[in-house]
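**Student:** Listed below are the residues making up each chain.
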Amino acid sequence: MSEWPLFDPIFRIPFFTGLLLTVSLSLIGAWLRMRNEWLAALGLSHMAAAGGIAAAVLHIPPLAGAFTATGLATCARVALPRVGNSHYGIMMLAGWSFTFIMGSYMDHGFVVAETLVRGQLYFTYAPHLLGALVLFAVLLALVSWLSPKLLTARFFPDYHQANRIPVWPYATAYHALVMAATVLGTISMGAFPAFALLFIPSWIGFVLVDGWNRSLRLSVCIGVTAYIISFALAMMVDLPFGPVLTAMLVCMSSLRLLTALRRQSTPVSGDELQRNYLPPATEKFRSR
Amino acid sequence: MNDALHAHELLSFDEVVAGYTSPVVGPVSFEVGPGEIVGLSGPNGSGKSTILRAITGQSRIFAGEVRRMQRLRITHQWQRPELPPELALLARELYALTGADPDSAPEHLRSLMSLPLNRLSGGQFQMIQSMACLNAPVDLVLMDEPTNNLDGRALELLSQMLKTKAPSKSVLLVSHEKAFLQDHCTRFVEMDA
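Protein chains in written order, with this note's numbering: chain A, 1 to 288; chain B, 1 to 193.
Honestly, the hints are just simulated from the structure, not real lab data.
Given the structure is predicted, the values throughout are model-derived calculations rather than measurements.
Don't take every hint at face value.
Unchecked claim - So, partial list: chain A residues that the calculated Cβ filter (under 10 Å) puts toward chain B:
| # | residue |
| --- | --- |
| 1 | ARG12 |
| 2 | VAL209 |
| 3 | SER215 |
| 4 | SER254 |
Claimed, not checked - Each pair of labels, with its calculated beta carbon distance range:
| # | chain 1 | residue 1 | chain 2 | residue 2 | range |
| --- | --- | --- | --- | --- | --- |
| 5 | B | GLN79 | A | TYR125 | 50 to 56 Å |
| 6 | A | ASN163 | B | GLY122 | 22 to 28 Å |
| 7 | A | GLY84 | B | PRO137 | 53 to 59 Å |
| 8 | A | TRP168 | B | ARG60 | 17 to 23 Å |
| 9 | B | ARG60 | A | VAL83 | 15 to 21 Å |
| 10 | B | GLY45 | A | ILE165 | 27 to 33 Å |
| 11 | A | PHE110 | B | GLY122 | 48 to 54 Å |
| 12 | A | ALA79 | B | ASP103 | 39 to 45 Å |
| 13 | A | TYR105 | B | ARG60 | 45 to 51 Å |
| 14 | A | ARG256 | B | GLY122 | 22 to 28 Å |
All C-beta atoms, glycine included, are put in the ideal place defined by N, C-alpha and C.
Hey, can you work out the whole structure from these sequences and the hints?
**Tutor:** Rendered as structure tokens:
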């Protein structure tokens, strides 16, 4: 073991697994926020934790259990009409309670359940790294195709259907990516750290820059910066990684205050825009 | 829906009854030809928006037939579009989602194009959406109450855009403002409550 644990080979797999997942979760979190579905991430991550602990009780691989539980929750999310934040809240509560109840049925189950919810990173192995790598590669391949489709569906909800463009390819890809990211993030890092990476980077990124692609890049940069600092800090000061990462992201959310400075440097009032963008009024229709 | 249609029609409704879990509107019959601006008017709750959604497939057709030209391209400007409170998407990027060229936007809208959506007012956001639909490379534009939220100047700009649209492009225009419909539509379909 090297003198400084950060460079110890046994931490390389956890580090790179977390790094790849951080990029994926930050990016997918931006899509969730754009679609106003960010609370779904918390619901799905708790379902993944419940699936993981159920699998441990049944002596099957936790990843398989997490994928099954999150897959079922995703199917319900797609199938039910008008799914919203209340449903995601129920999903989260169901996942949390199930995780700890199931945990009581196995030796050290409560500790495992706590770890799945609160988070860790050091017990990730080659399968986790492989999963994170595949997710990262697929996401990278699809992002430029998927982003415009999701944006169009957000602002012109029936555009694809009206023009008989199949909706299922991009809807399936989106839901599969959200599910895979949530499962891998929860099993590798914990439900709350995974949620923090889905929730916070885009919350900051969306207000600090103008332009969709720039905000995606900034969200990823914020996630990666928080991850690297947290990883180093947790190892050097011997703190639990999950809470450190979550706390780091919460602290970084104060960057949103910079928005006020941006607004001061480029003041554009509604009246000014009104003067600039519209011709003199004739009040033709108002007078009738 | 059936694609069989007369050559001079883009779209036709034949005794259509439409709704969601149960019928809301109908039977309704009308057709839209190339270059026409057809107005749909009627009181609140008469099912005007449901008719537009029957064209795009968002509402259910219980009886009758909607026939549309093969490979008909459509954009739909929704009533009361929700302005996201925090989103870095630029007006220019929103405009391009329908395939419209942001550089071909009306001169007076160009100063808005470099702004993110969260810096637009509700009326400005609606105006950008309307223009994105009208300037898209499509055959038929569905506009649902496009005059809502607009002040006199914005109404004038919308009016100009409707009058100078491409000659082959058709518009199905839903509005409760009779004066606006009278000024712009080739003909009307009056709907009962």
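**Student:** Please list, smallest to largest, the hint numbers that this structure does not respect.
**Tutor:** 1, 4 and 7
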